Each structure stands twice: as C-alpha cells, then as structure tokens.
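**Student:** Here is what each chain is made of, one letter per residue.
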Amino acid sequence: MDKNINAIQDFREITASELLPTVRNLKEGGYRFVQMCGITQDDGAIVMYSFDKDYEMTNYKLHVKDGESVESITGSYWNAFVYENEVHDLFGIEFLHSALDFHGNFFKTAEPTPWKKK
Amino acid sequence: MGKRTIIPFGPQHPVLPEPVHLDLVIEDEKVVEAIPSIGFIHRGLEKLVEKKEYTEMVYVIERICGICSFGHGWGYCGAVENAMGIQIPERAEAMRTIWHELSRLHSHLLWLGLLADGFGFDSLFMHCWRIRETILDILEETTGGRVIFSVCKVGGIRKDVDNDYLKGIVEKLHAIEDDIRSLTTVFMNDTSVKNRLCGVGVLSKEEALDLCTVGPMARASGIELDMRVGTPSYQKLGFEPIVRTEGDCYARCAVRIGEIFQSIELIEKAVEEMPDGPIEVAVKGNVEGEATFRLEQPRGGAFYYAKGFEKGTKFLERMRVRTPTNMNIPAMTKMLQGCDLADVPMIVLTIDPCISCTER
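Note that the protein sequences, when read in sequence, are chains W and A. Quick note on numbering: our numbering labels position 23 of the first sequence as 23, and the sequence is numbered without any gaps. For any residue, its number in our numbering is found by taking its place in the second sequence, counting from 1, and adding 118.
One chain only, chain A, in its complex shape:
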C-alpha cells in the first residue's frame, strides 16, 4: 500500500467555473476517496420568498442560474399554478416548451465547450461557443434577454412570438445544424478526445439507480428517466429519452450531443403544431394550498415546491427548489473512487455541475 496523501481540488480550479471543493485522498496517483464540500456561496434565495410577493418571486427564482434560468421560472410558476389550480393556455405551454428547449441547446453547447477546454482542445471550445451565440441571439430576439428572460409569469407568459417569426427560428436552427454536426463528430470520433472520455468515470446502471442520479448522467448509465416523458406539452411532440448504456464520460457526452439534435426536432414540431389563442389567464387571489412541480432541466430533473399560508397572503410560506446537481454530487464522489488523478477533471466536468443552482 502506497502513502496516502490528501489533495485539495477546488474551490478555485481551472476546470471549475464555480466554487466546489473536493478532498481527494490519493494513493499511487489513484483516488481512494473523494469528500465533497459545497456551501461556499450559499445565497439563501429560497428565503427571499418571505419578502417578495408570489408574483414577483419568479424574478428571483430565474436568477438562481444563468444557464437554466428559463426552466427555473417555469418550474416556480408551475408549482404556484398547481397550488392555485390554474390551467395555463395551450399556446403558453407550447411557447414555454420552445424556450426551454432553446435553453437546453445553449446549455449543452456551453457544456461541450467547457469539456473541450477541460481536455485542452481550445479551438473546439471556441467553435462550440461561437455556435451557441446563434441560440443566444434567438433568445434575445424573442424574449429581450440573453441570460435572464423574464417571460414566464404565474398564469402563462409575458410575450408572444409571431408564428412566421417562429418558422424563421426553425430555419436558423437548421442553418447551424451542419456546423453542430461537424463539431460533434470531433467529440465522438477524434482519437485524442476518446482517449480522455472512453472508459473513464464509469457509473453502472445499478449504481446510478442506487444513488438516484438524474438527467444525462442517469440516461448515460442506461436509465430511461426524463421528466419530459410525463409532461403533456412534450407528449404531444412524441418525445422519447435518449439513452446510452456505457455509463462513462463518453456516454454522458453522447447523450448530450443526441439531445442537441433532439431539441432542434422538438422545437420544429412545436412550431408546426403551435396552437393559436391567448398566452395567459387572469390570476386572482392568493396561494392557500401547496403543490410540487417537476421538469427536466438541461442537467436533469428539477423539483419545485410552493406552499402558501393557510389564510392566504400575497407571500408564500415556503418555496423549495431542488436542482439536478444536488442529486448528481453523491454519484460523482462514487465515480471518483479508483480513478486516476488526471481523470478527475473529466469526471467532474461530465456531471455538468452547476454550483450556482446548488447554492441557490
């Protein structure tokens, strides 16, 4: 048995855009144990629900994260709408679906760039982010924001987009599809990239089930788990999750790449079947009950809970957001056990950690 050493990984590290810390217990360049630490930048956003009216709170919730901000807004509004028994119009539901898939597109392209940067392929990183700009431009044109959109509201959405304009968005997405395909071919086929990803950080299906992983991480280990399966607006589009069985870094990358093309298809179908009609319903009264809401964020299933006071006030008693990274950190520490020290950055990156979400 070699000498054991503890190497601190983070909270500041080149592959980590946000602070998370790992104590890596090392023996002969192999990780024996990894102990995670989070909580460096806990912001207490959930507690702000005591100071913000339930209709205003959506602006706070959207600011949990700059990548999945739309999904957070949708999740919060969904929980409040469930608690109040509000049924939003079909057009609002369809528009939410389109914006959510655009968010997934830009999130996955951002992640691919970060992964390329992590294994030292900087030109690939820049191309990923160059293409991502087109998605951000579409979001800016349709919502007015590139990071925080503020289009979701309790009862529907704030802005409508003309049907012809939506068809133009599909054309723009098809125009960048070839670019994305040539990029992703490098991720899937380049020998140097495969050397860094194949067989690294393997998480078996049994382990993934036992540790309750979510999102692309679960689907790369053979688990067909995707909240979109149980979401009516996706059921109309014939959604089926993309699943791989290898459970390694390569499979997690392949699932996200598959989801990029799938998102483009979903947006195209949603535009084709876009119903006409109102985009919001009137919201009256206060939240008196409680309800949960779940949706599939780019990083995995997220949970939202809203609870009003018994007598009903304009404030909520409790608001809870459980983000995907919360669920994937335990599995990450398991995957790190037994890996080479040099593979730690790849394993950490392929869970696509969002510390901003975790530190809500």
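Chain W with its partners taken away, still in its complex shape:
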C-alpha cells in the first residue's frame, strides 16, 4: 500500500434520522467502528462517529441539542457501548435502546457531566 492514511480527512454532517440507516449500511459494507466522541457546543454537543475501511476513515458529525437523545448504534456495533456510556457520563447525552447501558455509572467523576456547557 502506498497511501498515507493520515492524508485522508473526511468529515461529514449527519442528521438524527440518517444515523441508524447509515451505520447499518456501514456495518454491512464491512466498515470498522473506530471511535465516537463528544464536542461541546453552545446549544448542546456534536457527537462524532468515525468508521474505517481499508485504512480510509470517515467521520460523521451529529449535532445534538440540549435535552435531545440519540439512538444507540450498539445494535450494529456492540462495542460502541464503551463510547456511548463515556459520552453519556461526560456530556450528559442520553442514548436510547443501548445494548449495555451503565446508567451513569461508567465513569466515576467528582463533577457530573463535566463537558456539558453549564
């Protein structure tokens, strides 16, 4: 292989209704789940999902407003429970229909949801 994996920077916006169908398609297409993280915004947060196939990574950004919930992707990628529970505990975002929900007991932090805009 002669491509540089770090030269590829692919960021895309995604809506809540597109999330699960897109993730299902990625799973069926042989994509690997790379990571998921939150990014604090004034009106809520962005949840960024990263997927990879053949060393090419795509990042999907979902804008989540305060009080909104997000559908869990653990139905397609079971291992995403680690990240969903992390984002829940640090950003205060609820994930619906999670395959493994720790109900806020995944991270033990002195301050609840430290990344959430106060």
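Just so you know, the hints here were simulated from the structure itself, not pulled from any lab data.
Taking CB as the label site, the calculated pair distances span:
1) D278(A) - D54(W): 32 to 40 Å
2) R248(A) - P114(W): 36 to 44 Å
3) G30(W) - D280(A): 43 to 51 Å
Bear in mind that the values here come from a model prediction, so they are computed numbers and not experimental data. Where is the CB? At the ideal position from N, CA and C, for every residue including glycine.
With chain W's structure known, arrange chain A on it following the hints.
**Tutor:** Same frame as chain W, but now just chain A:
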C-alpha cells in the same frame, strides 16, 4: 445447571497493575458472563486542552501513559500538524519512527514480563525486565527521559541524535537480540507455558472483525490490520504486519514476540536510510481547522483528533485520544464467556490492557 455466583475481579488484583473491574458470573467454575467497569481513575486530561496552549498540550498528552508516551506525543503533534497543514522534515519523521519502535520494544518486553509473572514464572519475568533496561537506557541517552521523553513537538522534534550514535544503538540492540531470542524460546516452547496459553481465550477472525479489535489482538486472530502499513515512514522501510491465525493467548504472545524482532529490524533500516537535514519547521499561527491522525501504538491502532476554534486561538476547542484498550475491552468480555475461572488472568493479560490510557 449449576448455581450461578458473581465473583468480583478487580479493581485491585495481583495481575492488574491498574484498576479495572470485572463482574464474573460463574457457573461450575466456568465464566458465563463478564461485565466490565472502568472509570475508577478518569483524569480528564482531554479537558485540559482548555487551559493549555496547543504547543504545551503535548506535555500533557505524553503523560497519558508511561509506556506509550512517545506515541501519544507523536499522535497529538500529528493531528495538530494535519490541522495546520504542516509537513515535518524527513529526518524528524525518521527519528520519530526510531523512538516509536524503541517504545514498542520496551512495551512488549514489559508485557512479556507481566505475562510470565501472571503464570507464576518469576525468573522469566525478571529476565524480561532486565533486558528491557537496555532499551530504557537507550531512550534515556537519546531523549533524556526513561518514561516521558518530551522530544516530540508540533513541527518536528526537539533533539537530534548523531548518525554515528544511532549506529551504536543498532549495535546495542543486536547485542541483546540473542538474549531476547533465548527468552522468547521459553515463551514459545516451554510445556508449562504452552499449557497456560494454547487454546485459551480464542477469538475467531469473525469475532475480531465484528468487535473491531485492534493491534496484536486483531493480528493474532488473522486480521492484517496495522496503521504502520499506511504510514509513509514505515512504507519506506518495507513494513509488513505480523499475523497469526489461532486467535488464542499463545498467538497473541507470538505476535508480540515477532514484533520485538521486527522492531529491531525496522530501527536498523531506519538508521541505514536516515536522511540528513533539519529536524523541525517553524510553526506560526493558531489551529483553525480540524484533523485526525492515526498511528500504531504497541497495543494497537490509536486515534487522535484536534480541533481549533473557528477564529483561531492558541487553545484548541477539542482534543480527543482513543486508545487501543478502549477497542479491545469489548472483545475481552466476549473471550471470557465460557472460559475457566483459572484462565481469566491469562485472557485479561493477553489483551495487554492499559488502563492508564483508557482513563486519560
């Protein structure tokens, strides 16, 4: 059906140097289910990006972990350099590669020692760590630090090493190669060691793919996945990943042992082809865009993300590190299902968990 009992494993346990907890649901000495708990020592290092300038943040990122600290520094700098459109000099890239492979050497030797300690072979454990001292000495001579090196900076590296000195490092590595070979022969051929590792904690290729495992854990299950394949400085050295297909604890051990010798070869080639020239470029301005960076840490592929503010300040809006252990914990819980209680420590150890990285 026997009576089900829940046995807590950790957060303090002799085979765990760092706190992670497993609730093991046991039936007739067999593990039926394993539920992991982490987050006991979450440090919130990513959040410190709000208080540290992007050039200073590399010192924080390096302190995520004492074993893969160099890789974390490289990953962070790589993400920021990508976001700023900075191309570092070839010599800096080559030096980063050498230090990163030295880190892999000491990480794998440390892990072999911990594994030997886990199955009660203490003299083997001590020999692994004795040899590892040579690697730490080389790192100290070239960077000034044994654990935290602080040689990576946005735009290149802080210290250069003389070409003749680099050749001396290769000679030192060759001098310990026979020692390593005799040690690893015990891991690969000793009957008592094989009894603890062969056929234990099997993760099939399909499961490894489904659970998105990374690093030696994925490669021991037949997946050719290694971020070094797509890294230019490794492509120049003709890098190819080491893969096994058995998917058990023995295969994970064999992959890491193979990578020890491979790292020595890579360092030798990198020294032979070391380009001359500058070791850094001037960095001006602030981070305004966003970028990701991936590299192969000793425990597997790691992900770094840096995002600057739209108007550009000396601080980053977000910094993200996803470490290999994050990816391998779900697969570990799957491997534990159906195993003997006595095999739990071996399975946990062979994912080479780094809770320090996980609790960044």
